[in-house]
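K.L.:
Here is what each chain is made of, one letter per residue.
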Amino acid sequence: MAVLEIEGVSTFYGEFQALYDVSLKVEEHALTGIVGANGAGKSTILRTICGLAPARSGSILHNGVPLERLSTFEIARRGIALVPEGRRLFPAMTVLDNLLLGAFSKPERESREKRLGEVLKFFPILKKRKAQLAGTLSGGEQQMLAIGRALMGKPDIVMLDEPSLGLSPKMVSHIYRILDEIRELGITILLVEQNVEWCLKKADRAYILENGSVVLEGPGKELLSEEGVRKAYLGL
Amino acid sequence: MTGIIEAAVNGILMGGLYGLIAVSLSLIFGVAKIVNFAHGALLMVALFTVYWILELLKVDPYLSALLAGCFLFFFGYYFQRLFIEPILKREKDTAALTVILLTSGLMLIIENSALLLFGADYRTVRTAYTGKVWEVAGLYIMQPRLIGFVLSVVLIRLLEFYLRRTNFGRAIRATSQDREAARLMGIDDYRVYKVTFGIGTVILGFAAAFLTPFYFIHPAVGDLFVGKSFVIVVLGGLGSITGAFLGGLIVGLIESVGAQFINSAMVESLIFIVFIACLVIRPMGLLGKERE
Amino acid sequence: MRGKVACIVSVCCMVLLLGFGTAFAQQEIKIGVLIPLSGSMAVIGENLQMAHDFAAKEINDAGGVKSLKGAKIKLIYADTRGDPKVGMSEAERLIVREGVSAIMGAFQSSVSYTSTEVAEKYQVPYLVPNSLMDQITERGFKYTFRVERKGSYWAKDQIDFILDMGKKTGVQAKTIGVVYENTDMGQSIAKAIRKLAPEHGLKVVLDEGYPPKTADMTPVVLKMKRANPDVVILNSYISDAILLMRTIADQRVNTMALLGSSSGYSDPSFVKEVGKLAEYFFDLTEWTTDLKHSPLVAQKNAAFKKWTKDHRDFNGGAAFCYASTYILYDALEKAASTDPKRIRDALATVKITKGPAMIIPWTPIEFDAEGQARGARMLVIQYRDGQRKSVWPANIASTAPVWPMPKWEERK
Ligand SMILES: Nc1ncnc2c1ncn2[C@@H]1O[C@H](COP(=O)(O)OP(=O)(O)OP(=O)(O)O)[C@@H](O)[C@H]1O
Ligand SMILES: [Mg+2]
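Residue numbers (this note's numbering), protein chains in the order written: chain Z, 1 to 236; chain P, 237 to 528; chain R, 529 to 940.
Be a bit skeptical, because a hint or two may be false.
To be verified - Derived lysine to aspartate or glutamate pairs resembling EDC-like cross-links, with alpha carbons at most 20 angstroms apart: (1) R:Lys741 - P:Asp357; (2) P:Lys368 - R:Glu938; (3) R:Lys800 - P:Asp357; (4) R:Lys833 - P:Asp357.
In case anyone wonders, no lab produced these hints; they're calculated from the structure.
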């Protein structure tokens, strides 16, 4: 069964329609990719799932449970973690506090210490920076903290919005390695990524978004070999 | 010279109470971004709560703070729940202005209700501490003020501990820094607002208990403190707890020591001059965070 | 048959009588009253309101204004909130919308000062019972009348009292301090003392106006302690009076005398809230309940006490509001009209020597060309066992003063 099932979703910002009848599925343990030009509505899909930009119509099911009527914090407590565009850390709090907040909801709190150990092992750099304010970390460290914070909640699914944005090439490949590792842990991933080639190569299934509508979908590797996609997104 | 020292001591002691009252305002503003013009009215409610506890139960005034706190927490909690929350939920963009209008209106309603309920009489409570003075090296230090000051410092330390070290305290700080991100952590931001409002009102309950032994109680008593509180909050840095307390001490000191050199009527202007000078040098307030 | 006729006639008569009766009863003279009824002044305003109401009730119960066929006086209250601007707009509302024939008010000098301007513009007489800022009657207004003494005369009376006490007891004051709320009323007394005191050999060593809504009086009291004046003249509303008194006691500031200027110090809340600390405090006032000049004082005070729900005494402000209502009543009787201009002319020529207005201790009550009550007399009381006892001038006083006040350390 799909972990997330989105059916005919339309989302508006005031009068402006950002998503037109979008449908997509996220399978368990899979990496699902969303690609598209700037302003296509990729972030909006993730925000809609989280309830930050509620859908006006359509349905969103998480393990068969509808999410549309829930508020963001309830959706988050169901184990849907978002690593938002721009990371959105709590800049005036320490790295440790940021991580602990990732496991805010009650059930997670029990195993918090254990998970903290795991996450810090996963990101050794964060262990070193534990007492530092999040706002003073470097861009790469901040991204790792954002991912680490999402993992603290023992999520069912992690959604990442352009995790490589604004990072040095070295840091980008480091982040990619981390994504691979997360995937190997069996965590379901929904990824929005600028780097279309990498994203499609890795994605079990991918969606191509244009002006708020899904124009193409299929296994990542298949899409990568399509003529139209190569022309439009890879400049080949 | 002893006169000046005496004035400085008094300024610090009174400033601590100004600070405590401002801390409550600053906390609510910092977390929920609510400009609460009903702050003075809530202080008045707190004073009446303490007053009735003392009148009816005849307990120690400092003990009454705990009892008053229990009631005031829910008063603040439901104040936010019933009046402010619906506006925040309904109006996403214009809420800030509406809340200002609403809290100003609520201030009038609360004050006038108190006037109807309790009349316009001035009330005082004679406690075991009222009028008691410690004589230290020729200085008279009023007991209830010193006790109130010390307890204020303790209370603010406790509040800081709560915000730094507890789970919900962390959630409160997270919400104040990035509300959306806090929701993504599973934090119920509206609940954080309500609890914060409750805590703010509890702080007012303590301030009320510290004031009562040497002050009076009247439906309009909040007016005496509310203007100063806003000045202190901005001076200390919006949303900063320590800043607000420090701002209170500074205002108390200027008020008390300043009056020894210039006419008291001019001291208000002096406070404003210092206030504006501070803002020119540090626009974000003494301990405020720089905002982009 | 005859029985029937008689019956019809008598019914007709009754109908006529009743008809006329109700026609008379319905006729009302609308009088506006401007006072603070909300905010921190509300307690003062309510007290004054009761005095006005009590006088109007007495007048109406006694048959209303006889020259106007028993028309009843109807008081219409407007809340100034103690704000001069609100006072102006409320005065305008009373005149234009309510159509009042005359106005009384507005307690605070600053509010009286602005609202009398409105009444002057509309040519409606305005009787000021309590405000003492000199300028209120010094603008050549034709429609403003003041019953209270001017602020500058108050200061003269206070200085006279201090000198007199020195002469009588041999404990003479050399230095003096003035502490006042920095409003028109406070400044008006302070200004006069600044001028008068040196002329009588008293050195002003402290001259401190504190802003309204002062939360902490300690700075002012510490300053007082350092300046160490023999006598301090105080002028406050209630909350500041309570705070000042408590702080003076806390800081053990000893003087020969603390002399208030009525207002807050004469309000019942003051002695109720500061309790024993008020003992030996002197207060300059226009009036007390123990005055000896007329039996009316005791009678009317007792009646007021019985009538009010909380059985309170008149204070000076209330007594003047009560008397002012009677002064206006006297003018209405003389004018035999509800026309504001006529009432104004009648007020200008009143010369009252009897009736309840005489609870004010001077005769006759009349106004000079400025509209200022002529020949006012002030007196001084001292709090003794929680009572306001008149102690000066000796000829109308009930009690001998204690001068100097005992030191704080020596009190129980
Ligand atoms: N809060 C908002 N109010 C109004 N319009 C918005 C808002 N957020 C996004 N939009 C609009 O919705 C459209 C989709 O935005 P979205 O952020 O989802 O794009 P994106 O695909 O994530 O782009 P990018 O690659 O630049 O991040 C854009 O045209 C954008 O201008
Ligand atoms: Mg985006």
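K.L.:
Next step is simple, just say for each hint if it's right about the structure.
P.N.:
We went through each hint and held it up to the structure:
1. Under the criterion of a C-alpha separation no larger than 20 angstroms, the hint pairing Lys741 of chain R with Asp357 of chain P is consistent with the structure, at around 17 angstroms.
2. Simply put, Lys368 of chain P and Glu938 of chain R have alpha-carbon atoms about 16 angstroms apart, close enough for the 20 angstroms limit, and the pair holds.
3. Simply put, Lys800 of chain R and Asp357 of chain P have alpha-carbon atoms about 10 angstroms apart, close enough for the 20 angstroms limit, and the pair holds.
4. Distance restraint check for Lys833 of chain R and Asp357 of chain P: the Cα-Cα separation of roughly 18 angstroms lies within the 20 angstroms cut-off, and the hinted pair is therefore satisfied.
In summary, the structure agrees with every hint in the numbered list given earlier.
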